[in-house]
Amino acid sequence: MKPAENRFTHWIFETFSVSAEGLGILRIFTSLVILFFLIPGQGSTHFMFLSEMPGDYFAPPPGPMLLLDGFPSYAVFQILHTLLLFSLAGMLLGYYTKTASIITGLTILILQGLIFSIGKVNHEILVALVPAVMAFSNWGAAFSIDSTRKGFSCKVNSWPLTLLALFIGFMIFTAGFPKILGGWLDPATQATQGHLFNQFFVRERDALLAAWFVNLDNVVFWELLDWATVLFEVGFLGAVVSGKWFKRFVCLAVLFHFSTMMMLNIAFLPNFLAYAVFLNWTEIYNLNLLAYRRLTGKKGEKSKKRSVGLLSGVVLILFLSLSYFSSKDVLLRGSDLMLHEVVVVSIAFIMVIFFAVRALYAVIPISSSHNA
Amino acid sequence: MSKKVVKNLFIGVLIWLPVQYGMIGIIGYYHSEPWPALVFPGFKNVYVHEGGFEIAQTRFEVLTKSSIKPIILQPQQIFSEIPLSQLPGFMRTHFSDAEAIQTISPQAVRWLERQVSGAVGNEPLSMDVVNLIGYYALGEEGAIRDSTAELQRITIRFGVR
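Chains as they are written, first to last, in the working numbering: chain A, 1 to 372; chain B, 1 to 161.
In isolation and in its complexed conformation, chain A is listed as follows (with noise of 0.2 Å):
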């Protein structure tokens, strides 16, 4: 094999390390996340008033869509509502882990196409792309009813992780490129700043820190702010060819979306689904398990199984609890911002500066005879 050719290969098979196990929790969280959080619609609700528009108001983009000459009736909707809804329901489990996955990435790349007809298209695409593409790691190899079948493989990919990070480099790289282009690097003026006072005053997005970014009138401040986001939109792609590089990109993603949701009140939720992915699940994994081996004193085979399942049902009250609370409207009355946005995106923040402070600690080891 030649040198190059062994890189390739090296790229696409062993950039990221992936375990059964890790996948496997991976998995349910990706399946509770989708199905709480980032199913395409606000509900029926919604799906019924698509179905009742006029014909005037179907604009569908270039693509697939426009074999439909209108939207679509209502009972379409909820055909296409309850599929998702089993498919993940066979992705939670693990049953036909495969083709539920690939199922749930369809039915939402479908019901996100009947959305977006309306005249605009939203970039959600990495929700329907996570499960799809996951579909090949064979993450339904543990905790799943599949793992119980006589037979059925347990050998793991890791070469999905690698073609997601392909994708989150490549689409950021084209959320950077026309910047450029566009006068973001130009300083006579703040793209940013002019962001902001769209948002803030066209669309009312004033929650958080909003209003008080819009007072901010400080010049370098802004511009900086620009150039920072091109540099960072752009580089992204070069990231992809080292796992290491990529997941520190991934941490300045989520660093990124915190001060946009908090000066733009724009989280870009679907986003973080993916970046999920290339978290250490292995280490979450055994964390969990470790602790729940201290806290029930059983050591046994059976608490590997116990241990997740414990973890996702607190992991399935909390989404549950959030969801419910936010389809209330607590807290961010008046705003489109959602509160489990809010929440899931600060925890990611809160993560990130974790994971920071932790690397920090790793290159300056500070130990008591140090201050002795």
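Each hint should be verified, as a subset may be incorrect.
[Stated by the list, open to error] Result set (BS3-like, lysine-lysine): computed pairs, CA atoms no more than 25 Å apart in a straight line: (1) LYS155/A to LYS69/B; (2) LYS98/A to LYS44/B; (3) LYS2/A to LYS7/B; (4) LYS3/B to LYS98/A; (5) LYS98/A to LYS7/B; (6) LYS65/B to LYS155/A.
Honestly, the hints are just simulated from the structure, not real lab data.
Position chain B against the provided structure of chain A, taking the given hints into account.
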């Protein structure tokens, strides 16, 4: 999947990603952004000139049987079911071209009447679609709306059955 198939898949994706990006640019220029596509929005620069900036917006002015003055409504008040992230795009597509607004079907007029009626809680007689440019001045106390220029006003009459 064998290693060879996966490698070929990656080669295909590496070729396809820039090709689709180029196609999106061309199709997007002549029509609108294709979907599904692996891109994120670029967010053009909002024009900020010395001492201020300008923002285009659309609002609706509704006359009802009981109103003396027109009732001013923002798009989100009439189309509350459309997420705020999609609303500006929806407005650009359907409420910026004068000819398109004037030639909507009777079915669409009735649908709009229902939406407006729900928003004002009264029977609407007509609705003006007003496209504006708002100028904001940047002062010590932040941005203040300085002036507004009306670019276009089109009337849709309701009750024509």
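Against the structure, the hints:
1. LYS155/A to LYS69/B: Violated, at about 71 Å.
2. LYS98/A to LYS44/B: violated (39 Å)
3. LYS2/A to LYS7/B: holds (15 Å)
4. LYS3/B to LYS98/A: holds (19 Å)
5. LYS98/A to LYS7/B: holds (20 Å)
6. LYS65/B to LYS155/A: Status violated; Cα separation ~71 Å.
The structure fails to meet hints 1, 2 and 6 from the earlier list, while all remaining hints are met.
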